[in-house]
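*Asks:* From first to last, the protein sequence lines stand for chains P and E.
Position 212 of the first sequence, counted from 1, bears residue number 212 in the UniProt record's numbering, the numbering being contiguous throughout.
Position 144 of the second sequence, counted from 1, bears residue number 144 in the UniProt record's numbering, the numbering being contiguous throughout.
To be clear, the hints were calculated from the coordinates, so they are not data collected in a lab.
Keep in mind that the hints are not guaranteed to be accurate.
As a list, the in silico DSBU-like pairs of lysine-lysine whose alpha-carbon atoms are at most 30 Å apart [unchecked claim]:
no., chain 1, residue 1, chain 2, residue 2
1, P, 72, P, 174
2, E, 57, P, 82
3, E, 133, E, 29
4, E, 115, P, 68
5, P, 174, P, 189
6, E, 137, E, 115
7, E, 134, E, 115
8, P, 143, E, 151
9, E, 105, E, 115
10, E, 105, P, 180
11, E, 151, P, 97
12, E, 217, P, 71
13, E, 151, E, 137
14, P, 157, P, 71
15, P, 72, P, 48
16, E, 151, P, 180
17, E, 134, P, 180
18, P, 72, P, 180
19, P, 72, E, 183
20, E, 67, E, 217
21, P, 110, E, 217
22, P, 180, E, 137
23, E, 133, P, 82
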Amino acid sequence: MTQRKRTSNTQSSSQSKRTSGPAATQEEDDDQTFTQPSTTQVQRGLEKLTPAQVDQKTAEVVQFFLVKDQKKIPVRRADLVKHVVKEYRNIYPEIMKRAARIFDQVFGLKMIEIDAKNHMYILINKLETVEGASPITNPTNPKTGLLFVILSVIFMKGGVVGENLIWKTLKNLKVDVGEKHEEFGDVKKVVTDEFVRQRYLEYTRIPHTEPIEHEFHWGQRAEVEVSKSKILAFMGELHEQDPQSWSQQYQEAHSSTQPSTSSQK
Amino acid sequence: MARQMGDSHRRFLQTMMANGIVDEQGARKLIAHCCEASNTQHNPDKLDDFIETINLKLQPMFMQITKGMSEDSGHQFYALVNMAETDVTRMSSDYADNELELFRKTMDLIVCSEKGNASSTDILNSADTMTTKKLKKSETEHLLNRLVHDKWLNEKRGEYTLSTRCIIEMEPYIRTMYQDQVKVCHICRNIAFQCQICENPTCGIKIHNPCVARYYKGRAEPRCPACDDFWPHEIPEVRRPKSQSRK
């Protein structure tokens, strides 16, 4: 998968979806040549194929998603069409509809389009995370803890934070960005590259800063996957305060746009 | 009679996807946990039914939760297997082409060995004949560590064997790829790497160590089930799963 560096977008808005930078890559061009077939076209396309063929293609799409999702890499429609769907592109909407149903019914996952312009999808968990008690300990990724701290800081600070505060916070937790960390290696790379690519964070230039400074926002994946109320509850425990004492954050965390209104701790 | 797929099944499947393999005891506890989490009734004796419900839905995606035995302990394990892969491409998202080549070479050594293992020295030497970008010694060692960590290989005192997960996942590939060399257990009919062999030159059947333990348990004089010759090897003890305290 080719990496593309996003040119920064200085208009930031934490709620609406981000528009992409001006530099278009080959994959974006491929995507632009793909036009969604109409319903009649899909119908006609389906008539020419056997059910087995359509099922097979759907299975391939599901596999593709699951493999990418393992690494938390969003799936780009252009890649999907080019490498998997291929000549079945005329029934693309039908395949996606079936795949979404499979993710929902078989895996308990939800397929979400996090970028309507560039058509990028991720899978998120529909099932509530049950605290503790799982007899099978998942190979917990230590980076999750790191990410959680950063997301918490950003959230508590109203949705955007200058990078220096993040580096300072991490340093206080003995994670020094300047040094190679035993667990995380190149911390700066993990935070500004890996987490950004996975769409957990956004790392954008602050204009007119000299030397260049950046700021962090929550990424599109974090917006749909991470529960703000859980973060607030965690903060409450950490500081031994009632989460409601942060009234603004509490309001935001319990607004109707939140991913999960969980009654569980 | 398979139930309808519910959240308890989905939760179980998600855990399987994250872990790759789970032992039978763990699977039982996981099912209980998943059913509890979604407030569904749970019958502890119907482990296979529960998994069958999931498998019916996984079949169109060429995936299955397959049962297999550890050659070490003889315990049963469940692994989530991709049936469509006919090669080591199962691992291809995690490993580079040259790393996969070395893994295949390691598999060659293990399959063709008598004891179902390969020494680190032999593996390092096999890197010399790589056709893709050659791996340096340190890279090979690093790769082997990763393979152990990702549960594809086991390592003991410098000797590498195929992990239970690897054997379950790659069985079709191994059977096809190594059909002449691969050993098959006479008792359970699965492929066998670490096993005992009948010393009768006209017989030569193989039996997994744990299968030997179970087959000859309580028998005074062990005899080969195929040719009736005396079975000369040491009969191991049957290993019971560790008894876990109930929560």
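*Asks:* Going straight from one Cα to the other, do residue 133(E) and residue 82(P) come out at no more than 30 Å?
*Replies:* holds, 28 Å
*Asks:* Can you confirm whether the C-alpha distance between residue 115(E) and residue 68(P) stays at or below 30 Å?
*Replies:* Violated - the C-alpha atoms of residue 68(P) and residue 115(E) are around 37 Å apart, more than 30 Å.
*Asks:* Assess, step by step, whether the Cα of residue 134(E) is no farther than 30 Å from the Cα of residue 180(P), and give holds or violated.
*Replies:* Distance of about 28 Å is within 30 Å: holds.
*Asks:* Tell me if the straight-line CA distance from residue 105(E) to residue 180(P) falls inside 30 Å.
*Replies:* violated, 34 Å
*Asks:* CA of residue 151(E) to CA of residue 180(P), is that 30 Å or under?
*Replies:* holds, 27 Å
*Asks:* Please verify whether residue 67(E) and residue 217(E) have alpha carbons no more than 30 Å apart.
*Replies:* Distance ~23 Å between residue 67(E) and residue 217(E) Cα, so the pair holds.
*Asks:* Within 30 Å, alpha carbon to alpha carbon, are residue 110(P) and residue 217(E)?
*Replies:* Violated. Residue 110(P) to residue 217(E) sits at ~50 Å, over the 30 Å cutoff.
*Asks:* Within a Cα-Cα threshold of 30 Å, do residue 143(P) and residue 151(E) meet the stated pairing?
*Replies:* OK: residue 143(P) and residue 151(E) at ~21 Å, within 30 Å.
*Asks:* Are the Cα positions of residue 72(P) and residue 174(P) separated by 30 Å at most?
*Replies:* holds, 26 Å
*Asks:* Checking one constraint from the list: CA of residue 180(P) to CA of residue 137(E), max 30 Å. Satisfied?
*Replies:* Measuring from Cα to Cα gives roughly 24 Å; hence the hint holds.
*Asks:* Between the alpha carbons of residue 133(E) and residue 29(E), is the straight-line distance 30 Å or under?
*Replies:* violated, 45 Å
*Asks:* Hinted pair, alpha-carbon criterion (30 Å max): residue 72(P), residue 48(P). Please report holds or violated.
*Replies:* violated, 35 Å
Checked against the numbered hints above, the structure violates hints 3, 4, 10, 11, 12, 15, 19, 21; every other hint is satisfied.
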